[in-house]
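Chain by chain, the residues run as shown.
2 protein chains.
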Amino acid sequence: MVDKTVRFCILGCANIARKVARAISLAPNATLTAIASRSVTKAENFAAENNLPESVRIYGSYDQVLEDPGVDVVYVPLPTSLHVRWVVMAAEKKKHVLVEKPVALDVAELDRILEACESNGVQFMDGSMWLHHPRTDQMENLFSLTNSQGIAPVHFIHSSSTMPTTPQFLDSNIRVKPDLDSLGALGDLGWYCIGAALWAKGYQLPTTVAALPDVTRNAEGIILSITASMQWDQPHQTIATIHCSFLSHTSMDLAICGSNGSLHLKDFIIPYQETSASYDFTFGAKFANLHIGWNLRPEEVHVANKLPQEALMVQELARLVASIRDGGSLPSTKWPEISRKTQLVVDAVKKSLELGFKPVAL
Amino acid sequence: MVDKTVRFCILGCANIARKVARAISLAPNATLTAIASRSVTKAENFAAENNLPESVRIYGSYDQVLEDPGVDVVYVPLPTSLHVRWVVMAAEKKKHVLVEKPVALDVAELDRILEACESNGVQFMDGSMWLHHPRTDQMENLFSLTNSQGIAPVHFIHSSSTMPTTPQFLDSNIRVKPDLDSLGALGDLGWYCIGAALWAKGYQLPTTVAALPDVTRNAEGIILSITASMQWDQPHQTIATIHCSFLSHTSMDLAICGSNGSLHLKDFIIPYQETSASYDFTFGAKFANLHIGWNLRPEEVHVANKLPQEALMVQELARLVASIRDGGSLPSTKWPEISRKTQLVVDAVKKSLELGFKPVAL
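Residue numbers (UniProt numbering), protein chains in the order written: chain A, 1 to 362; chain B, 1 to 362.
Derived from the structure by calculation, the hints contain no laboratory data.
Hints are supplied without guarantee of correctness; some may be wrong.
Derived pair list, reagent style EDC-like, types lysine to aspartate or glutamate, alpha-carbon separation capped at 20 Å [what the hints assert, rightly or not]: (1) B/351 with B/179; (2) A/286 with B/274; (3) B/286 with A/274; (4) B/358 with A/354; (5) A/358 with B/354; (6) A/201 with A/274; (7) B/351 with B/109.
Here are a few chain A residues that face chain B, going by a calculated C-beta distance under 8 Å [said to hold, decoys possible]: (8) 145; (9) 213; (10) 217; (11) 241; (12) 255; (13) 258; (14) 266; (15) 338.
Ideal Cβ placement from N, Cα and C applies to all residues, glycine included.
Just need the whole structure built from these sequences, with the hints factored in.
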């Protein structure tokens, strides 16, 4: 009998890798088979700290783990500037890839990654965990124009992703280093906001994108805080405003308003708790007589999830990989397409910034 | 013994006047003493429909009621284009004024109104009811830099005010008629969003204001939907995005994020219910270990109010008027200043629109 389990390795022992290691262990169709760091000691420490089973193979170099025939999927939480090198190499070794966001420094790099994955027949997925929560699927139904109980068409989207950081972070963290993550908050946090706006629009690319003139950068020019707008002209006007910042209190807001209703979340990227998540849905709101109140309050809709969203992400990737590996399927184009569109908008925001906040057509 | 009650008249029997008539009857220091319409019949119908007491004097012209020595305050819910004429005339007759928003078509008109009020020693206030809710006062404390349990400094503000309308409304309602309310949704709804952003910034005017390029207009060029940004450079960067529309489902969102916390409301203009209102306050949020959730959820803070916010507005105005009338006080400059700053930003958004969405400095 074929073992249906898909075997993951982790390339680089970043902090986020702890969460994904746990997710791999929780996903019923995945197993963590190897980890690699630039030093064996670091990898051994990671294994010990995360109580990884003894069966997990430990590698002191990224190259070595890519040669391991017992690895199906490589999870890449490395700094963004290293993605293109290691993801392309993994694909060439016929490894499927799970790549942390932002996927690349620009769409040219991302295309090198996607081309390598396509030509080697391997599945690509980025690490946007929230897209795998059942809450996300459920809300998506509200955007369908055929759903008379939904909010479509969508007219307005607002999304924020902010987190407070320390002066040390702003000075020296990987995510604000020009040689490591030169997209700063736009890449790390804006990826989510842009992704959420695209998701709400069924992944239709906006007509234009513009950075608003309130950008904050560190001494090395890396974006610490930025606000931008995305605009769609067809089939009807829609506008999204996004705000991301390393300088503010933790927020991850998503508010979407359409013709017939609205949707509000304050935890769209990481739900408040692991086992269920909720959203506020308002449909058919009117004012009471004399406008002294509303006829209803938003309904708080709860969505239970048996597995945390990151485990659902791993499970979905493992499902796709198993059907390629064992069933001869082709890789799904859904996930690469979502990543590419997100990257295109990230690039456009950056270009607008470089052009002095001029709108950039897509 | 002096009667401390302040005597209101209503100039024009607009729909909103029904709500304010009730508010005057609820405010303990105010009484409705007269109403005026362009026809006696219309005024009589309004009195009957709203069960006004027989003591309320009925006038068939606006001029006449302004001659009534038993009137202290004139409430003006007329179309915006008529404000300057009738409010100036009321002030010249030494009547205090409560003026519906938007106060004027531009700041030049507003200044004529405020100059008339100042030179005649009468109190001016606009009809922004939400500013009088105790919830608003309570939230204001969260913006103080000296409040270590608050959210200051404020970095980001998002506010929306949208309402669905009918095709008939979009074609012929007062609020979309060039000769009556040429500011359209920007005046009617944007007044609230702009006011909320200014309020959150302690009424510091923004450095620049810009309209975003998603404006929708009707055949006569009136704004039906618009999005704009307000930006402050000093003492620190703050950005506000505002969205107002006659084309979307009912929403009145206010989200404010600062260094140490955030604040969310979905009913900031008209609370869901009359007797209490709430806001969501998040302070010191962090992620749980491995970022698998949050250490806390927003706290839903409830604020009870004995009187509806519109009655509190009337009560506050009546208090100011009584102390001018009976105690020789000078009119408060607080309310005219708030209205003037709001109007300045409304004008700047309109100018940015005319300039092809260029930022306008204030």
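Exercise. Which earlier hints turn out false for this structure, listed by number in ascending order?
Worked result: Numbers 6, 8, 10 and 15 - these are the hints that the structure violates, sorted from lowest upward.
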